[in-house]
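> Each chain, letter by letter, is given below.
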Amino acid sequence: MAVLAAQPAFAAADREKLLTEPGVYGTFAVFKVDETWWKLDKATRTFAAAEVKVVFQKHTERVTVDTYLLRGLMEQADFFVRVHSTEMLHNQNFLVDLMGTRLGKYLVNTYTFNGITKPPNYVPGFPEDLQKVVKTTVPDPGPKPYAIVVPVRKDAEWWLMPQDGRNAMMKEHTEAAVPYLKTVKRKLYHASGLDDLDFITYFETAKLDDFNNLIIALERVKENRHNKQFGGPTLLGTIRPMEEILEILAR
Amino acid sequence: MAVLAAQPAFAAADREKLLTEPGVYGTFAVFKVDETWWKLDKATRTFAAAEVKVVFQKHTERVTVDTYLLRGLMEQADFFVRVHSTEMLHNQNFLVDLMGTRLGKYLVNTYTFNGITKPPNYVPGFPEDLQKVVKTTVPDPGPKPYAIVVPVRKDAEWWLMPQDGRNAMMKEHTEAAVPYLKTVKRKLYHASGLDDLDFITYFETAKLDDFNNLIIALERVKENRHNKQFGGPTLLGTIRPMEEILEILAR
Amino acid sequence: MAVLAAQPAFAAADREKLLTEPGVYGTFAVFKVDETWWKLDKATRTFAAAEVKVVFQKHTERVTVDTYLLRGLMEQADFFVRVHSTEMLHNQNFLVDLMGTRLGKYLVNTYTFNGITKPPNYVPGFPEDLQKVVKTTVPDPGPKPYAIVVPVRKDAEWWLMPQDGRNAMMKEHTEAAVPYLKTVKRKLYHASGLDDLDFITYFETAKLDDFNNLIIALERVKENRHNKQFGGPTLLGTIRPMEEILEILAR
Amino acid sequence: MAVLAAQPAFAAADREKLLTEPGVYGTFAVFKVDETWWKLDKATRTFAAAEVKVVFQKHTERVTVDTYLLRGLMEQADFFVRVHSTEMLHNQNFLVDLMGTRLGKYLVNTYTFNGITKPPNYVPGFPEDLQKVVKTTVPDPGPKPYAIVVPVRKDAEWWLMPQDGRNAMMKEHTEAAVPYLKTVKRKLYHASGLDDLDFITYFETAKLDDFNNLIIALERVKENRHNKQFGGPTLLGTIRPMEEILEILAR
Amino acid sequence: MAVLAAQPAFAAADREKLLTEPGVYGTFAVFKVDETWWKLDKATRTFAAAEVKVVFQKHTERVTVDTYLLRGLMEQADFFVRVHSTEMLHNQNFLVDLMGTRLGKYLVNTYTFNGITKPPNYVPGFPEDLQKVVKTTVPDPGPKPYAIVVPVRKDAEWWLMPQDGRNAMMKEHTEAAVPYLKTVKRKLYHASGLDDLDFITYFETAKLDDFNNLIIALERVKENRHNKQFGGPTLLGTIRPMEEILEILAR
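Residue numbers (our numbering), protein chains in the order written: chain A, 361 to 611; chain B, 361 to 611; chain C, 361 to 611; chain D, 361 to 611; chain E, 361 to 611.
Wrong hints could be hidden among the right ones.
Given that identical chains are not distinguished, each listed pair holds provided it fits within a single copy or across any two copies.
DSS-like cross-link-like pairs, simulated, lysine-lysine; straight-line CA separation at most 25 Å [to be verified]:
(1) Lys-531 to Lys-545
(2) Lys-478 to Lys-567
(3) Lys-582 to Lys-377
(4) Lys-402 to Lys-413
(5) Lys-545 to Lys-504
(6) Lys-418 to Lys-399
(7) Lys-514 to Lys-567
(8) Lys-504 to Lys-588
(9) Lys-413 to Lys-582
Everything labelled a hint here was simulated from the structure, so no lab data went into it.
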């Protein structure tokens, strides 16, 4: 059971490494439970939930999985999983097995985003004091129950801009974000060619009001002119262990 | 039963506060009743409606809920609930419970909008006489049976405009709205990052002809050039207690 | 039964007034019959059709309803009703009752448009001879079996244009339409804020070739540059009494 | 049975006239067979196919119908019919009857396009030699098994351009098409106001490589700048008698 | 059984030729297995899978088919087939037969793309050294488990640009791609008029990080300004023999 918790305890893929290093493949898979599922009897639904746990356990050496409840905060979606591994194939194999369980047969896969982590592109070119702030600011301790995923696609002008121009814009972008480094954690995935996106931006926070202000601050910098897509969909959910999501689905 | 009325009488979340103060989270959840629901026998549907009341009662200390009938006036939607609380998590928990009832199993969640209330951004910078009009005009007494929700997204130029420019545009916007302050009540939610929106605008009125004229007046001010999205969907419904909506669904 | 005919004979809402005066609310509700309906036995479908007639009769004092067959000429839609009354609430109550019949349980509500009628905006400013033509041209007698509904949304530049500019453009628009006044009847609804539209334009004709030429003529005037949406969907149907539509659905 | 063949032999509407003269109404109706159809037993499906033949026969004096298989070459669609008659109402009545058969109850009407034929707009203004080429080039003999339908919508600038400008552009367009007159047959329908389109372009060919080159040639002329919509959807199918389509559906 | 493997061994269409020569028609058909399929008993699903093999065998002389698993990496899709032959009709006939099997009755055809191969347009005009690199670089040996399909549509300005301008842009495009010639295999199909696309670009790789960098490099060249559509959808899958896909579907 511990296997399903947000921080699996043993024999698992090196979660810390997968969550922090470059060259890791991340897949975000959003699911809506089919309406016919809710009409099954409760015993069947409870059994199906148990089967899901076995799948998590089976893949624990190759992928690390985080789980989020969207139900209530986003239409057409009940939950999503964020899967990390060193090969996209491992992500696929895990998800194929998850979708092959009895519960899986009732899951509608609303959205899937694929990306890869990389070393920071722009930070090395920032002035030293900004670099220092970015690298040393430690997020406030304590749980961050909310997670937000915002897929992003840039316009052609962004990609055709000389490196200098993009550096200056990303400096302005980063300065706007500095006041929120303590309350909003952020992680970036590159998605060009792996999906109809250029970036997947992932956030965790305990303070949604701060997050709302962060996004407004980012809307006010010139780089925003080059976002052909920002959201659409925005995923707003709460971080919950798979057991709790399964329990909600089995009610 | 009183719990379901628009103005619950006791032991409830401080409705007045939640509806007027900044820092409150609002979730608008739009539902379509699945076609298979209507083919259930009437007793089952009546029982399911009763279950919904229990959910409203259970959450009454944390959330305040308003209910609206869309059926007949909007495709793909039967009703929506507007949920307010001091934490988005409370909104989610209420909606998860609502969707977990027997009726909930037949609800298709067509749209969800999330926002947060804030102190007015622009009013403090208005000329004194305009400020006075805005602050002291009291809506006409009497019921306002219609509610309209218009989600809004601004373009990058709006957000990049200096504060002065936005102030001038919002002054023009507000002056255009003044003639309708008595017949159209308005409430604003900020949504950037909490949804694929920047604002959720909510209106109540008894006079839809006045409301139509208000929107035309707002289309005629320069700020309108910066609405990348205005509506899409526009929700037009009538304020009805949950009992009445349930009664309609149980017919 | 006469109640269902296009021109109900007695005790009904003042149809003439509702169809010609300003300040009247119009709701266009488009329906597709669910595929499971067609698999019901014929007796059930005939009984369900009879129930619909009772709903028409019940609301006859408050709303006037016209009915149109879309099936065959438009995807995803079988028929639509055009409902007029002095309060949007009456339109909603009629439609809620219609959708609450046994047939209603099989109706998918593909589109709904809401609008309000108003006195002409631009005609009073036209030169006298154009005013005279517009006011005195009588449509050719005889049935006009086809009806077309085109929803329209204007761009921000349209609304921000000084009245003079819009007057000049609407004069050009009207002159282009004059040759078709005898063969194409037209009615206009204002929809800003009541729907994701600015106007609902409604046409009746016996000559679709003339109607095609009218629309081409209107595409050739400068006002066309400001149509952000024109159609999408265009409804093309034939005017048919509800009995005939029900008979088709009960085959 | 001959009635269903591409060239019905007797007592039918004057097919030649309907396919070549102006003032004829054309309706293209695209259908997807519902997934539940395929799960019916074969006898039921064979019986249902026979019923369709009766409908074709019943309308043979008023409409002429061509049939095309899309299955395999286009998502969400299995076949389409092209219906011609001198009144749109005849097209509707035929399609209502077709959709009223047992097979019809399983047909999802994915798309419908409506148009009208007219005398050529631009040819009379072309230089004499171009006119001659257009009028005298005879398509290569032999079957043309492929049919392609491309719906088109022009932008406001196209319609507002003086006749001279459009003449010049259509001359360039026609010159680009001349090399393909022998291998690609073409027919044009005007759709403004009858659908959310301005034109429906219909092609037949035995050589899809030539057709691909023709479309590239047309993309390279200035008129292409004014195509707000070109395709979306493009229908690519093979001309097949209704019997063969029914046989495929009854397998 | 070998017939289903990626490289069928005997009596088959000349796979090598079909995969390398110009004038070959390619159809990409994407399928989602209907949710009701997963609720069938396992024996039925196994039997249905066997039937699919027979269809592959029947068409082996006319078409060559490659198969790919999308499930887990792309929403609304489980697998796709890439079909090549010398006539589009052969592709259609194969797919009609595939969709006519028992499994086929449960397949939802999410997307289909049609194209044709041609000799290179721009390479002959490149400087000699670039031509040499493009023609002589041999992809790294070893399996390339990932396949990506990116449909592309160019804007009118692209097609109206003089040949020289397009040559210069494609030279820049090709130079950006050179560093990835060894790790990313590429194949191009022309689609104008055969689909709502201009090109279908197909890639195989073992290194998705390289592929991500290739796409970023291509986003940085001026030709990118003329991509009206790039992806939407992007298909990311893994190359798997049909047996393995069937086995996954039959689990």
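> Now tell me, hint by hint, if it's right for this structure.
Cross-check of the supplied hints:
{"no.": "1", "hint": "Lys-531 to Lys-545", "in the structure": "within (18 Å within a copy, 37 Å between copies)"}
{"no.": "2", "hint": "Lys-478 to Lys-567", "in the structure": "between (27 Å within a copy, 14 Å between copies)"}
{"no.": "3", "hint": "Lys-582 to Lys-377", "in the structure": "neither (34 Å within a copy, 38 Å between copies)"}
{"no.": "4", "hint": "Lys-402 to Lys-413", "in the structure": "both (17 Å within a copy, 22 Å between copies)"}
{"no.": "5", "hint": "Lys-545 to Lys-504", "in the structure": "within (9 Å within a copy, 36 Å between copies)"}
{"no.": "6", "hint": "Lys-418 to Lys-399", "in the structure": "between (29 Å within a copy, 23 Å between copies)"}
{"no.": "7", "hint": "Lys-514 to Lys-567", "in the structure": "between (28 Å within a copy, 24 Å between copies)"}
{"no.": "8", "hint": "Lys-504 to Lys-588", "in the structure": "neither (29 Å within a copy, 32 Å between copies)"}
{"no.": "9", "hint": "Lys-413 to Lys-582", "in the structure": "neither (46 Å within a copy, 49 Å between copies)"}
Checked against the numbered hints above, the structure violates hints 3, 8, 9; every other hint is satisfied.
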